[in-house]
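Build the full structure now, drawing on both the sequences and the hints.
For the protein sequence lines, the chains are A and B, in the order given.
Just so we're aligned, residue 1 is where the first sequence starts under UniProt numbering, counting upward by one.
Just so we're aligned, residue 1 is where the second sequence starts under UniProt numbering, counting upward by one.
Source of the hints: derived by calculation from the structure; they are not laboratory data.
Just so you know, these numbers come straight off a predicted model, no measurement behind them.
Where hints are given, some of them may not hold.
Claimed, not checked - Stretch by stretch, here's where chain B covers chain A in the computed footprint (C-beta under 8 Å, at least three residues):
| no. | segment |
| --- | --- |
| 1 | 205-214 |
| 2 | 462-471 |
To be verified - Per label pair, the in silico range of CB-to-CB distance:
| no. | chain 1 | residue 1 | chain 2 | residue 2 | range |
| --- | --- | --- | --- | --- | --- |
| 3 | B | Gly433 | A | Val35 | 31 to 41 Å |
| 4 | B | Met204 | A | Met204 | 26 to 36 Å |
| 5 | B | Arg382 | A | Gly150 | 23 to 33 Å |
| 6 | B | Gln337 | A | Leu339 | 34 to 44 Å |
For glycine and all other residues, C-beta sits at the position ideal for the given N, C-alpha and C.
Here are the chains, one letter per residue:
Protein chains: 2
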Amino acid sequence: MRVAKVTNEKLEFNNAAGQGDGPASTDDALYRTLVERLGADRLSSDASVRDAHASDWSDAPRVAPAWIVMPRSPQEVAAALDCVRSFGGHVVVQGGMTGLAGGATPREGEIALSLARLDAIEAFDEAGGTVTVQAGVPLATLQQYVEAAGWFFPLDLGARGSCQIGGNAATNAGGNRVVRFGTMREQVLGLEVALPDGTLLSMMNRVQKNTTGIDLKQLFIGAEGTLGIIVRLVLKLVPALERSSTALCAMRDFEQATRLLKRLRAGLPGLSSFELMWQDFTDAAAQLTGARAPFDTRYPLYALIETLNADDDSAVLERVLTRALEDEIVADAVVAQSLEHARQLWQYREAVGELLAALKPHAAFDVGLPMEKMASFVANMRATLAARYPDSTHLFFGHLGDGNLHLLSGPYRDAATLHDVETCVYRAVARAGGCISGEHGIGVLKTPYLPLSRSAGELATMRALKALFDPQRVLNVGRILDA
Amino acid sequence: MRVAKVTNEKLEFNNAAGQGDGPASTDDALYRTLVERLGADRLSSDASVRDAHASDWSDAPRVAPAWIVMPRSPQEVAAALDCVRSFGGHVVVQGGMTGLAGGATPREGEIALSLARLDAIEAFDEAGGTVTVQAGVPLATLQQYVEAAGWFFPLDLGARGSCQIGGNAATNAGGNRVVRFGTMREQVLGLEVALPDGTLLSMMNRVQKNTTGIDLKQLFIGAEGTLGIIVRLVLKLVPALERSSTALCAMRDFEQATRLLKRLRAGLPGLSSFELMWQDFTDAAAQLTGARAPFDTRYPLYALIETLNADDDSAVLERVLTRALEDEIVADAVVAQSLEHARQLWQYREAVGELLAALKPHAAFDVGLPMEKMASFVANMRATLAARYPDSTHLFFGHLGDGNLHLLSGPYRDAATLHDVETCVYRAVARAGGCISGEHGIGVLKTPYLPLSRSAGELATMRALKALFDPQRVLNVGRILDA
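What follows is the structure in structure tokens.
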């Protein structure tokens with residue numbers, strides 16, 4: 001058991017901050033009560049601090065919070081909630097603020113509760129591979145911490161340096177390795193949650209298998225902070241996997257892609273990524289980044305494959321791909337011969353950031369589709385969008401291993417057109433039996449479309465749960481469900 | 001997409017059954033209303049049928065249900081619940097009745113609702129590897145059905161021929177392969193549930209990644225039928241894994257066992273079982289079955305290892321174990337050279353059934369423990385039980401990969417002593433931060449001990465959820481939570 005306390009000095013409010021100019025527009029009495037219960041250095045109403053907390057990474061309109069509360073312990077989070085509730089106030093929870101659905105962007109009049117100071121790694125079972133952390137620990141900090149002891153935390157996403165582990169759980173984050181390790185939900189053994197009634201609900205299970213009644217923590221994973229605030233987590237780890245092997249494959253059609261995925265999942269248990277890119281995506285990526293074309297011939301589909309293992313998998317990967325070539329499951333394939341080569345192969349997939357910037361203002365989708373519907377969905381959607389919006393670019397890629405499809409479409413100069421594109425795509429997703437978000441969540445931006453993905457009974461049940469846990473509607477109101 | 005309907009003729013009630021002698025002891029008007037809404041052939045009050053539904057596989061005292069309802073569709077399950085609720089009746093849900101915690105054994109006056117006739121396999125996405133089934137499909141039927149198409153359903157347990165897939169979800173079943181594939185929870189993509197208010201709640205998600213709000217299906221997985229009746233499921237599959245490799249390892253202490261597990265998890269991604277047996281267990285198994293001792297020397301601990309892969313893993317297994325021998329992580333090891341040899345190695349572990357019978361009346365535990373506490377827990381508990389109950393035998397084994405420890409202790413001639421043993425073990429589990437059930441569940445038999453595993457806040461939240469979903473207390477009352 002090792003215990004660490006990582007303190008981020010940058011998070012200290014400036015001198016006198018917390019008293020500062022006092023609140024801008026909300027209840028003075030609540031502010032004074034919070035100062036009394038938590039201490040003045042837990043609060044700030046400075047304009048610059050408020051501005052820094054006015055928006056997450058999404059395109060939701062910026063709104064500065066009334067003020068910011070930064071508790072330093074789970075107990076302080078609960079006390080802050082208790083206070084705000086008793087005064088009839090409203091709280092927006094803020095983690096690393098890297099969300100893309102507007103869930104952490106304040107709504108008018110909300111108090112921002114930031115978890116940045118809950119940043120302790122509390123316990124580490126090095127024999128069993130479990131770690132107990134506070135919600136505000138950044139993902140990359142956790143990854144590095146456990147790697148130093150020969151363990152590996154498999155969740156990974158581009159925002160790893162900024163996003164916090166509590167936010168990863170609240171949004172059930174995904175990323176590129178879900179095909180092997182599952183989403184954040186599968187990494188969580190236990191949670192502690194501050195409830196809107198001001199109590200701490202302890203569900204700090206530490207064992208892998210637990211069948212002692214209703215698994216309550218599941219309610220809070222992916223609930224985007226609407227039922228309670230995740231303050232502590234018990235996470236499971238996997239042993240360090242130091243060797244990765246990479247390959248790029250070309251396919252003639254989607255059926256080849258699904259057959260290849262099935263073949264790889266069976267023959268390569270170390271398979272950790274299977275990223276699919278349609279030709280329009282790789283063409284645009286090559287054009288934008290100047291990357292060389294992957295093969296002499298262009299193909300309709302490409303799959304970027306990665307394995308993680310203690311030993312080098314590339315011989316097995318070559319053998320499996322050679323057989324796949326013979327069996328006409330792939331049209332061409334290249335296995336990376338060096339780290340630099342692997343980096344080159346990832347270049348197309350990692351052009352996403354530049355493509356996002358180039359197509360602004362854009363519509364970016366992260367829908368989920370049943371595998372048997374994906375090929376026809378992409379074909380129909382490509383034709384529909386090309387006909388309706390011939391001046392925009394429409395690029396398809398995704399994590400085929402888990403049915404998650406990204407569509408990047410833009411630019412669109414006005415909000416009404418953007419809304420049309422979204423409605424068109426989400427309705428088609430609903431017709432195909434898919435879901436409107438596979439990893440970015442609903443936040444405030446997708447609440448109007450939620451009924452396309454969830455049944456009337458589910459929406460009613462979610463509202464009933466919201467009423468049960470947060471009857472006074474203190475917490476993250478307007479996220480997932482309409483305000 | 002393939003669709004099948006498996007009909008089990010044995011499930012038809014006899015002629016005139018359903019009318020028969022009419023109900024034995026409960027409300028005539030409710031019985032008549034059920035006959036009107038569902039049809040006479042959906043009900044039975046025959047003494048022989050009632051007797052067949054009087055107990056699950058546990059030691060809970062037999063109680064014949066007032067009568068039996070066997071709906072043939074999800075709609076009929078919901079209608080039956082609606083009827084019973086409107087008359088103030090009580091329902092116990094029955095699947096394959098293989099549970100070991102008494103959850104499916106009726107309580108006095110309950111009507112048994114059997115899911116045996118909901119046995120259709122409704123849809124099969126062969127490209128993506130998902131299957132849609134009704135709750136009453138036996139686990140083995142599902143396994144065989146998907147194997148015929150090159151897919152594999154990884155959940156497996158001894159009761160596979162009798163247990164039903166809906167019951168596997170309601171109890172979050174585990175088994176021997178959790179270290180690789182997770183419990184039943186990880187196999188479920190979507191559910192449809194009949195609620196006590198008589199409605200069907202559809203959560204039939206078909207995609208692997210779905211972040212569209214609260215994941216409501218999780219509430220019903222492992223809730224042992226207390227919140228609703230699972231009637232349909234969408235399950236995910238893995239590609240067929242046709243080759244298994246088996247090894248038996250001997251270790252000098254528990255630390256070697258955890259180091260070996262970590263080494264194997266890293267170097268053998270196909271690792272599917274890691275079954276730990278303490279020496280007292282293997283000695284008793286050898287004595288009872290006449291199996292040869294695994295090695296010339298006796299060792300404190302043995303691990304039975306299995307991998308599942310498309311290709312033969314035994315060369316890799318041999319390499320990893322040779323290195324482990326060199327590094328003194330194992331004391332001795334043997335890799336099976338044939339299927340017959342593998343069967344011999346499994347012999348010790350599979351002696352459990354005979355040991356259970358030999359030690360009757362026994363106390364059988366399936367507790368979960370944090371890995372760092374397991375060695376001391378076993379040492380302390382062995383000493384404590386040997387001192388208190390010197391005439392009984394106490395055997396330890398478990399699924400080390402997931403912290404699940406079995407303890408088999410007996411015989412005990414009277415109920416009071418059995419109760420003492422249980423209290424002693426469960427209190428020690430609570431002190432070690434473990435859980436009182438890792439796979440068998442709470443049912444009616446473990447409700448008195450639940451507060452040792454769940455916090456006061458969790459118990460209150462479970463009661464609040466029960467009140468939300470089942471305010472009139474129609475369904476599986478007294479399971480998990482006290483009546």
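Original post:
Of the numbered hints stated previously, which ones are contradicted by the structure, given in increasing order?
Top reply: none
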